Amino acid sequence: MKRIIFTNPTAQKMYDDYFARVTRCVNILSATDQQELLMELNSHVYEATHRGITGNEVDILVDALDKLGAPEMVLQPTVAYKKVQQAGRSFNPKHILQALYLNIANGAGFFVIGIIYLLILAFGSLAIIKLIAPTHTGLFLQNGHWFAFGYTSNLPNGLIELLGNWFIAVVIVLMGVFYFLNTLLFRLLKKR
Amino acid sequence: MYYICEMNTEFVQNWFSQVKKGTLSYIILVILDRKEYYGYELVQEIKTHTTLEVAEGTLYPLLNRLKTEGIVDSKWVEQESGIPRKYYTLTDSGRATLIEMKEIWSALGAAINKIEK
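As given, the protein sequences belong to chains A and B, one line each in that order.
In terms of the working numbering, the first sequence is residues 1 to 192.
In terms of the working numbering, the second sequence is residues 1001 to 1117.
Everything labelled a hint here was simulated from the structure, so no lab data went into it.
Only a predicted model underlies this, so the values are computations on that prediction, with no experimental measurement involved.
The beta carbon of each residue, even a glycine, is placed where N, CA and C say it ideally should be.
It cannot be assumed that every hint is accurate.
[Said to hold, decoys possible] Pair ranges (Cβ atoms, derived): (1) B:E1069 - A:S153: 31 to 37 Å; (2) B:A1055 - A:T10: 50 to 56 Å; (3) A:N92 - B:D1092: 48 to 54 Å.
[As the list claims (entries may be wrong)] Think about it this way: if two alpha-carbon atoms lie no more than 35 Å apart in a straight line, the pair counts; the simulated DSBU-like pairs of lysine-lysine are: (4) B:K1067 - A:K13; (5) A:K13 - B:K1075; (6) A:K2 - B:K1102.
Okay, chain A solo, but in the shape it has when bound:
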């Protein structure tokens, strides 16, 4: 992006500060998207300040930036939307979590995705815990009735653990199933 040069140092500082804020707002996006948004706003500021009106450079720039709005407000919807697109393409968990954070206001759908991600993390943890505390982790029945699935410190008499080491395989399958469900839900929300 070509930087606009102002003759007035105050105007130059204001411009640089504004674009430092823009850069901070968009740095979560891919390099191409960042460049696109920076160039677009830069072009707008250039056109707004170089349209042949005479006057104090600072006043003209203040007016242009004021009409354009604070970068944090102006860019929020675009950044959130582009992040969802990027996450939808890559399915990189980091991008998905960033998209969730940016779109938390989009409601229940993203909240459900967040909960499912927590479940995936919990199942992953259980696989590790099974290796550390095998007798306390598993699918437990007591007198033929469900007692617990996961970790329990309480091991009363008559408790049977059904899965043994298969417990690890089961939680890994569950992680896969929930990951698949989340992917489907995410695609569905992205299409809205």
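Could you slot chain B onto chain A? The hints should help.
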């Protein structure tokens, strides 16, 4: 006894804000149907032809969205200043969408006129 009924300003403002939100994409498509515009020029065009107080920054997220939907296309055009302009045009799909939107708009207008009579 007389009652003075005052307009509910807040309600009207909220309603108008929703109307603006809903019609801005339609207005953009109508303007772009004539010729291609770059962002700043498009904002000025909207301001010239409507009384809508459009926050200039809100236009870009909308244009981005329209581009993702395949309704508008954009291209960067280099300028002597070294600061390029991003020109927006309607795609074929955008033109077809606009025809449909015009029909809906006209039907809605007719329905409202009918109710008001």
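Hint check results:
1. B:E1069 - A:S153: 31 to 37 Å: violated, 54 Å
2. B:A1055 - A:T10: 50 to 56 Å: violated, 25 Å
3. A:N92 - B:D1092: 48 to 54 Å: violated, 34 Å
4. B:K1067 - A:K13: holds, 33 Å
5. A:K13 - B:K1075: Holds. A:K13 to B:K1075 sits at ~30 Å (cutoff 35 Å).
6. A:K2 - B:K1102: violated, 40 Å
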